[in-house]
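Enquirer: Sequence:
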Amino acid sequence: MGTNVIRPQLGVRNEYVIIFRFDGYENLKVWMTSRDREYWLNQSKHLVESDPDVQQICGLEAWFSLPGQPLKTPPRYKTALLTWGAVFVLINLLNTFITPLLRGLPPLIISLIITITMVLLLTYVVMPRVSRLFNSWLYPKLRKV
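First residue of the sequence shown? That's 69 in this note's numbering, and the numbers climb one at a time after it.
Please note that the accuracy of each hint is not assured.
To be verified - Calculated cross-link-like contacts (lysine to any residue; reagent style SDA-like; alpha-carbon spacing at most 25 Å):
#	residue 1	residue 2
1	97	108
2	146	160
3	113	73
4	146	167
5	146	207
6	97	86
7	146	183
8	97	116
9	113	102
10	97	82
11	97	78
12	146	166
13	113	99
14	113	101
15	146	198
16	113	83
17	97	192
18	146	197
19	146	113
20	97	121
21	146	200
22	146	192
Said to hold, decoys possible - Pair by pair, the computed Cβ-Cβ distance ranges are:
#	residue 1	residue 2	range
23	185	96	24 to 30 Å
24	97	153	30 to 36 Å
25	155	176	16 to 22 Å
Source of the hints: derived by calculation from the structure; they are not laboratory data. Since the model is a prediction, treat every value here as computed from it, not as a measurement. Where is the CB? At the ideal position from N, CA and C, for every residue including glycine.
The task is simple: from the sequences and hints, build the whole structure.
Expert: And the structure:
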């Protein structure tokens with residue numbers, strides 16, 4: 069689905085982080101065992117100091133992980149609280165503004181449309197912003213002084 073490259077922070081870390089996103093686990097498995105991946109790893113051997121550190125995350129962990137940091141998620145109660153808050157606000161907004169536009173459709177179709185919209189908004193719009201907004205609460209030890 070996409071790739072992100074996070075450059076090193078001067079004077080802090082001397083490593084690049086490359087994030088590959090896949091639309092499903094099967095495609096990840098295909099990539100991890102592909103000749104293309106093997107080719108590019110071999111081509112880049114002279115550019116790296118050690119073997120790649122591969123970390124796989126999915127689901128809610130991805131919403132609350134810090135790029136460029138070892139995989140460490142905040143306490144589950146914090147992720148649960150922020151997720152609940154985002155879901156609560158979003159479901160009320162969708163029910164107020166979208167559900168009236170869908171009147172006349174079967175309830176199952178309305179539910180399908182609302183849940184798809186909600187998951188897409190949570191994944192791509194809401195949770196990335198919520199996790200940035202509450203970053204210092206989620207990761208208090210990483211706050212800059």
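Enquirer: Just to be careful, I want the Cα atoms of residue 113 and residue 99 compared with a cutoff of 25 Å; is the pair within it?
Expert: holds, 18 Å
Enquirer: Checking one constraint from the list: CA of residue 97 to CA of residue 78, max 25 Å. Satisfied?
Expert: violated, 34 Å
Enquirer: Does residue 146 pair with residue 113 here, judged by a C-alpha cut-off of 25 Å?
Expert: Roughly 40 Å between the alpha carbons, so the hint for residue 146 and residue 113 is violated.
Enquirer: Per the hint of 16 to 22 Å, is the separation of the Cβ atoms of residue 155 and residue 176 within bounds?
Expert: holds, 20 Å
Enquirer: Measure nothing beyond the straight line between the CA atoms of residue 97 and residue 192; if it is 25 Å or shorter, mark the hint as holding.
Expert: holds, 23 Å
Enquirer: Hinted pair, alpha-carbon criterion (25 Å max): residue 113, residue 102. Please report holds or violated.
Expert: With a Cα-Cα distance of about 17 Å, the restraint between residue 113 and residue 102 holds, given a limit of 25 Å.
Enquirer: Under the criterion that the straight-line Cα-Cα distance not exceed 25 Å, is the pair residue 113, residue 73 satisfied?
Expert: holds, 18 Å
Enquirer: For the pair supplied as a hint, residue 97 and residue 82, is the alpha-carbon distance within the 25 Å limit?
Expert: violated, 29 Å
Enquirer: When you check the alpha-carbon spacing of residue 146 and residue 200, does it fall within 25 Å?
Expert: holds, 13 Å
Enquirer: Given the hint that residue 113 pairs with residue 83, does the C-alpha gap stay at or below 25 Å?
Expert: holds, 14 Å
Enquirer: Between residue 97 and residue 121, does the CA-CA distance stay at or below 25 Å?
Expert: holds, 16 Å
Enquirer: For the pair supplied as a hint, residue 146 and residue 197, confirm whether the alpha-carbon distance does not exceed 25 Å.
Expert: It holds: about 15 Å lies between the C-alpha atoms, which stays within 25 Å.
Taken one by one, the earlier hints fail for this structure at numbers 4, 10, 11, 12 and 19, listed in ascending order.
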